[in-house]
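Novice: Residue-level listing of the chains:
Protein chains: 2
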Amino acid sequence: MAITRRGLMLVLSSPSGAGKTTISRRLLDEERTLFMSVSATTRARRPGEVDGRDYFFVDPTEFNLMVNRGELLEHAKVFGNYYGTPRGPVEEALAAGRDVLFDIDWQGTQQLQDSAPRDLVSVFILPPSTRELERRLRARAQDSDEVVAARMAKAADEISHYPEYQYIILNDDIERSVAAVRSILAAERLKRERQVGLPDFVKGLREGSGDD
Amino acid sequence: MAITRRGLMLVLSSPSGAGKTTISRRLLDEERTLFMSVSATTRARRPGEVDGRDYFFVDPTEFNLMVNRGELLEHAKVFGNYYGTPRGPVEEALAAGRDVLFDIDWQGTQQLQDSAPRDLVSVFILPPSTRELERRLRARAQDSDEVVAARMAKAADEISHYPEYQYIILNDDIERSVAAVRSILAAERLKRERQVGLPDFVKGLREGSGDD
Numbered sequence: 001m002a003i004t005r006r007g008l009m010l011v012l013s014s015p016s017g018a019g020k021t022t023i024s025r026r027l028l029d030e031e032r033t034l035f036m037s038v039s040a041t042t043r044a045r046r047p048g049e050v051d052g053r054d055y056f057f058v059d060p061t062e063f064n065l066m067v068n069r070g071e072l073l074e075h076a077k078v079f080g081n082y083y084g085t086p087r088g089p090v091e092e093a094l095a096a097g098r099d100v101l102f103d104i105d106w107q108g109t110q111q112l113q114d115s116a117p118r119d120l121v122s123v124f125i126l127p128p129s130t131r132e133l134e135r136r137l138r139a140r141a142q143d144s145d146e147v148v149a150a151r152m153a154k155a156a157d158e159i160s161h162y163p164e165y166q167y168i169i170l171n172d173d174i175e176r177s178v179a180a181v182r183s184i185l186a187a188e189r190l191k192r193e194r195q196v197g198l199p200d201f202v203k204g205l206r207e208g209s210g211d212d
Numbered sequence: 001m002a003i004t005r006r007g008l009m010l011v012l013s014s015p016s017g018a019g020k021t022t023i024s025r026r027l028l029d030e031e032r033t034l035f036m037s038v039s040a041t042t043r044a045r046r047p048g049e050v051d052g053r054d055y056f057f058v059d060p061t062e063f064n065l066m067v068n069r070g071e072l073l074e075h076a077k078v079f080g081n082y083y084g085t086p087r088g089p090v091e092e093a094l095a096a097g098r099d100v101l102f103d104i105d106w107q108g109t110q111q112l113q114d115s116a117p118r119d120l121v122s123v124f125i126l127p128p129s130t131r132e133l134e135r136r137l138r139a140r141a142q143d144s145d146e147v148v149a150a151r152m153a154k155a156a157d158e159i160s161h162y163p164e165y166q167y168i169i170l171n172d173d174i175e176r177s178v179a180a181v182r183s184i185l186a187a188e189r190l191k192r193e194r195q196v197g198l199p200d201f202v203k204g205l206r207e208g209s210g211d212d
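Sequences listed follow chains A and L, in order. At position 47 of the first sequence (counting the first as 1) the number is 47 in UniProt numbering, and the numbers step up by one without a gap. At position 89 of the second sequence (counting the first as 1) the number is 89 in UniProt numbering, and the numbers step up by one without a gap.
Among the clues, some could well be false.
[To be verified] Derived EDC-like pairs: lysine to aspartate or glutamate, alpha-carbon spacing no greater than 16 Å straight-line: (1) K203(L) / D157(A); (2) K154(L) / E207(A); (3) K203(A) / E158(L); (4) K77(L) / E49(L); (5) K20(A) / E132(A); (6) K154(L) / E134(L); (7) K191(L) / E164(A); (8) K154(A) / E207(L); (9) K191(A) / E207(L).
Read the hints as simulated data drawn from the structure, not as lab findings. Since the structure is predicted, the reported quantities are computational estimates derived from the model, not experimental observations.
Required output: the full structure, derived from the provided sequences and hints.
Specialist: In structure tokens:
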């Protein structure tokens with residue numbers, strides 16, 4: 001016995017080095033109704049990438065048309081290429097009770113907040129300390145101090161946007177952080193407005209038809 | 001490492017027979033920062049009851065003064081006696097990061113919603129079916145069909161108030177329902193506004209002081 005529910009849009013944002021990628025992978029493994037959003041992009045397809053799985057590859061004219069038709073929930077230009085989230089597949093997933101995971105920054109999150117405020121669940125992941133963040137950024141590659149300093153400055157800028165998010169997780173333990181996001185998913189699925197089958201269920205309950 | 005947080009007020013409501021009492025007991029056992037709210041009442045103390053633990057026992061004049069001074073978060077008259085929730089102990093608990101559990105009906109919940117909307121987390125528990133609800137109400141005692149019918153009517157009236165709650169749990173399995181409320185608690189504790197220590201923590205993070 002389950003009450004029909006509408007899916008939700010889960011946004012995870014964080015400065016790089018805060019552990020977001022690991023948490024996302026774990027969530028996609030463990031949550032069977034959660035799927036990664038597939039973006040449209042104007043950048044060239046790389047070897048091994050599959051159209052419709054990794055990205056929807058479109059040319060700049062087509063991308064521009066999608067923007068003008070209001071078909072993108074959010075979009076941005078990154079290093080000269082355009083990226084955006086097509087509305088159709090997300091809307092389909094939500095209507096079928098599936099949840100969609102977004103790996104986007106604070107600017108994308110603000111756009112989702114404007115275009116789909118009721119479906120959005122936004123989570124910001126903080127590193128436990130500056131020292132730990134620096135350690136993780138350094139561990140990624142043998143980068144110069146200058147590169148690391150630039151990344152730290154970018155991280156500080158991203159962190160300044162935490163007040164725009166609904167939930168904040170301090171990632172000092174990956175297991176605890178995964179459990180925390182899973183609690184947020186479990187709770188948000190129990191929100192009255194997402195349980196779209198409730199009126200019918202309660203009607204049955206009050207009329208004594210019940211279901212057992 | 002933990003960020004200071006403000007406690008929350010957890011309201012569980014349901015028609016009698018939906019399993020609320022069992023769920024409440026389990027939560028109080030398993031959640032070490034959760035405490036039952038102690039009500040003030042004008043009804044006489046019964047053998048074994050301890051003032052300040054089971055209730056704050058007050059006379060009608062004192063109760064009336066508490067109402068007039070705005071010292072009660074909610075109050076109601078039940079079978080000729082007055083009951084109410086003193087604001088002071090709840091406010092103290094919340095400020096210390098402790099959570100307070102309330103076992104009140106939809107009318108009390110509406111009053112809490114008015115007096116403390118930001119601290120309130122409201123959960124309505126539904127029985128899985130009319131047949132199951134009737135079975136549970138009958139199991140309680142050897143009551144006449146009339147008494148059971150009156151209880152069923154009261155349950156139906158209470159259920160009609162589910163749209164006033166934030167979260168809805170269908171209690172068809174006690175373990176799952178306890179886990180569901182615990183997820184709600186875990187998630188609500190991660191809400192940005194409840195993590196009152198965040199601005200200081202992030203300030204430290206951005207200034208590079210971190211804590212490790």
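Novice: Each hint should be assessed against the structure and marked as holding or not.
Specialist: Consistency of the hints with the structure:
For the given pair, K203(L) sits about 12 Å from D157(A) by alpha-carbon distance, which is consistent with the 16 Å threshold. This hinted pair checks out: K154(L) and E207(A) have alpha carbons roughly 14 Å apart, not beyond 16 Å. Of the supplied pair hints, the one linking K203(A) and E158(L) holds, its CA atoms being roughly 13 Å apart against a limit of 16 Å. Proposed proximity of K77(L) and E49(L) is contradicted: the alpha carbons are some 20 Å apart, above 16 Å.
At most 16 Å may separate the alpha-carbon atoms for a hinted pair to count; K20(A) and E132(A) meet this at roughly 14 Å. Using a Cα cut-off of 16 Å, the hinted pair K154(L) and E134(L) holds, with the two alpha carbons roughly 12 Å apart. Of the supplied pair hints, the one linking K191(L) and E164(A) holds, its CA atoms being roughly 12 Å apart against a limit of 16 Å. Between K154(A) and E207(L), the direct Cα distance comes to roughly 14 Å. Compliance with the 16 Å bound is thereby established for this hinted pair.
Taking the CA atoms of K191(A) and E207(L), the gap is about 38 Å. The hint is violated against a cut of 16 Å.
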